[in-house]
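Protein sequence lines correspond, in order, to chains A and B.
Heads up: the first sequence begins at 1 in my numbering, then just goes up one per residue.
Heads up: the second sequence begins at 1 in my numbering, then just goes up one per residue.
Simulated from the structure, these hints should not be mistaken for lab results.
Remember, predicted model here, so these are calculated numbers, not experimental data.
Glycine included, each C-beta is placed from N, C-alpha and C at the ideal position.
Treat the hints loosely; a few may be bogus.
One-sided and incomplete, this derived list gives chain B residues near chain A with beta-carbon spacing under 8 Å [unchecked claim]: (1) GLU24; (2) SER26; (3) LYS32.
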Amino acid sequence: MSSAIAVALTELLDRLTIEEKREFARLIDWEEFQRLRVEAASVRRVGDPKVYVRTTPDGLSLELPVGKVPAFLSSLPGILSANTVAIFVQDGDGSQEWQGPADELASWLAAHSAAWRDGSLMIEFGPHTLVSGGGGCLSLTLTGRAGSLRRTIAEQALALCGFRHTFVGEHFSAIVWEDRLEVQE
Amino acid sequence: MKKNVKSTVSFFRLLIEHSQKEYEPSPEHILKRMLLPLCRGFSEIVATGTKNDAWEAIDGFAQECRKLQSEEMRHSRG
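Work the whole structure out from these sequences, hints included.
So this is what it looks like as structure tokens:
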């Protein structure tokens with residue numbers, strides 16, 4: 001049986017009530033179905049999740065709904081204790097740089113929405129650097145005490161998207177497909 | 001390192017990060033969020049950069065490659 005069918009069957013089962021699951025179990029070979037569930041769990045999903053946060057060797061990789069990006073970026077100077085920010089933007093017409101107080105970042109983002117919606121954006125928060133190719137696709141490189149910073153920033157990203165989780169480990173990932181948060185630590 | 005060089009190397013790192021995710025990003029995502037930014041970076045380095053900028057970009061890519069290779073070795077050892 002193909003992996004796609006295994007995934008589809010697993011998703012179907014997750015949507016059934018307990019009574020419906022009992023009825024379903026009478027119709028199929030239960031052991032075969034459990035084997036398929038294990039197979040489905042190892043299949044990598046294709047497509048772009050609603051929210052994604054994962055630790056990397058240097059920091060964090062994130063995928064956020066694009067509308068949440070300004071609030072997320074504006075929260076970083078406080079978390080990273082950055083008083084100033086340096087911004088570099090590239091688009092089809094060339095590049096621009098801007099440097100200023102961190103508390104002006106939110107107004108800069110409001111005035112330059114094309115930069116975080118579809119441009120190439122790099123923001124330096126002191127020694128920490130974030131890049132975005134637009135669409136909520138972000139990568140943050142952290143220096144120093146990265147462990148606690150990663151957890152704090154990941155929790156903040158999830159909270160902005162309406163999800164709560166407290167990370168405990170050094171390495172973790174959190175992914176949201178169809179409004180369901182799945183965490184691995 | 002100039003900002004356009006640092007940015008270009010960072011988008012190469014972002015591309016590597018996407019190869020290590022638990023899911024397979026869509027081709028459109030790879031194109032718009034990583035390859036087009038990389039193309040912008042390359043174009044600007046070629047148009048306005050120095051030979052040293054080009055060298056620093058390649059050197060930055062090589063550093064990311066070394067990190068990737070060392071991670072792959074660690075994973076293959078289990």
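Evaluation of the provided hints:
1. GLU24: It holds, given that the least Cβ distance between GLU24/B and chain A is near 5 Å, below 8 Å.
2. SER26: Constraint on SER26/B satisfied, holds at 5 Å.
3. LYS32: holds, 6 Å
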